[in-house]
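K.L.:
Letter by letter, the chains look like this.
There are 2 protein chains.
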Amino acid sequence: MLNANRLPTADGVTRAAEKIAAILPPTPLLPVEIGDARCWVKAENLQPIGAFKIRGGWHRLSDLTAEEKARGVIAVSSGNHAQGVAWAARRLGIAATIVMPRDAPQVKLNATRALGAEIVLYDRPGEDRDEVAAKLQAKSGAVLVHAFADPWVIEGQGSAGVEIAQQLGRQPSAIIACCGGGGLAAGLSLACPDARITPVEPAGWDMVGQALRAGEVVRAGEDAPKTICDALQPVATAPINLGVLTGRSEPGVTVTDDEVREAQRFAFSKLQLVVEPGGAAALAAALSGKVPLDADTVIMLTGGNTDAASFARTIDK
Amino acid sequence: MLNANRLPTADGVTRAAEKIAAILPPTPLLPVEIGDARCWVKAENLQPIGAFKIRGGWHRLSDLTAEEKARGVIAVSSGNHAQGVAWAARRLGIAATIVMPRDAPQVKLNATRALGAEIVLYDRPGEDRDEVAAKLQAKSGAVLVHAFADPWVIEGQGSAGVEIAQQLGRQPSAIIACCGGGGLAAGLSLACPDARITPVEPAGWDMVGQALRAGEVVRAGEDAPKTICDALQPVATAPINLGVLTGRSEPGVTVTDDEVREAQRFAFSKLQLVVEPGGAAALAAALSGKVPLDADTVIMLTGGNTDAASFARTIDK
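Residue numbers (the working numbering), protein chains in the order written: chain A, 1 to 317; chain B, 1 to 317.
Heads up, some of the hints might be wrong.
Copies of one chain are not kept apart here, so a pair can be met inside one copy or by any two copies together.
[Claimed, not checked] In silico lysine-lysine, DSS-like type, Cα no more than 27 Å apart, as pairs:
hint, residue 1, residue 2
1, K19, K317
2, K270, K290
3, K270, K317
4, K19, K270
5, K139, K290
These are calculated hints, taken from the structure and not from any lab test.
Please build the complete structure, drawing on both the sequences and the hints.
P.N.:
Okay, structure coming up:
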């Protein structure tokens, strides 16, 4: 059995990038003009599952032992990690059970089911999703694949940074990254040691920013506001993510729902890309002038799984 | 002065591809699953102007003599060729006048104006756009850059085929291409001599298909039906395009508005890409089973410039 308590490493990111390059083409690094600045977007929304989470899912599941594979996997996710794990599980012939909030976007529920995973629903305010998962795990003995508090998942997400450096031909000066639990930001920190990493979180859900300021994990309050960024609502970051990010990342910035919608409209009309709210947070920070931009700055577009009706409302305001 | 009556050549396509590679990164070639088939889409909608027309515009304008550049250029276009010419003109410091139909999508009018071109509007049923352009040209002496009946434009569009072969590592077996006047299809025929080229046209606007069957240029009737594919409504193809395509291309297939909308929805939900109606015609043909698909088949997504309101209506049916 593999040790999920080990720390993620830069070597691990390199190995993850090699494994991922063997099965997935790099996602495009596309030029973008924002005001007078010219920089780059990394279009992770163009991954086969429509989100970067395929990286961590593949690195984790493909490293499981035969015995672990036979037990199956469990994941908890609003939808993108769900699809990443389900995609990898299908390809490896592993049974996957995914615990998803009842209010997850319908496209994410449908897509996860279409990948052959079993879905268990919970109610977002009220039920503790980790308890639901723990009960299932106790019964089945399956391996829990955490959405961000896992060394393989962090290394896997970091492989996007390896691709960026290859595509640019040098280390980026800065990466602006949408941030939920901090798996991507931590992975990018390991992949691109010279880059400034800026995590961008929804206003009121800046659990990584608050943790970096406090020096310890902070839990979201019961009164945390609503956000349209369904993919960026962790109850808290985790010590493994905070450990990597401490000293490497500023607390970052937060964005409002309106700024996120504006970023979705920009991606639609200027980039011809479909980006979901949580996938547009980093672009929102760039467009609203909250983060400096230079020619070697990369903005992560982390996902594009969004219901047609809500996307239609957003672009046709 | 350059000879616009010369024939386009494969060497010209190679030279166009080199010129374009020097200023524009290749557009992504993305894997796609259609039913049981796995093939590729070439995402030309991700060009800086949101359409492949930047290729022909750049190859043509950058080859103008200094004397021609000083006279300025004129183009006639519903919007994508307009932007291609305007983009190249701005970069080269050339004055551009674009004749556009009054019913062109507002985003295309706005984007062309934003690139610094002067816009002259005409009424699509009623006024003859070529007459409007000829009058302007007689007055100003500017160089007319035809949207498809031009050897540079054909060679420029063909550069997409050079990129495809480089990205695949071999010649594609087949390319399914959205088709208006036949500039892209002719260019791809020269670029990829071993590939089967299938032009896809809107039902009732198959001026290339009709010309290939008749062995001569056929003009659209006054009673040609409405189509949502604003980019694919040529009054007729031209001898230069027909000459290249004859013997190289089957007449191809036609698609209905409903099939095009279904393709736009597929691109939105499965590929996270914004594709305009005319840019989705080839995908529509692939999805509706009208064209065989294999692992080396490439489907051109030629443009993504669409008004938010109509795109919202299409995806949220």
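K.L.:
Determine for every hint whether it applies to the structure shown.
P.N.:
Cross-check of the supplied hints:
1. K19 to K317: neither (42 Å within a copy, 40 Å between copies)
2. K270 to K290: within (20 Å within a copy, 32 Å between copies)
3. K270 to K317: both (16 Å within a copy, 24 Å between copies)
4. K19 to K270: between (33 Å within a copy, 24 Å between copies)
5. K139 to K290: neither (47 Å within a copy, 50 Å between copies)
When the structure is compared with the earlier hints, violations turn up for hints 1 and 5 and for no others.
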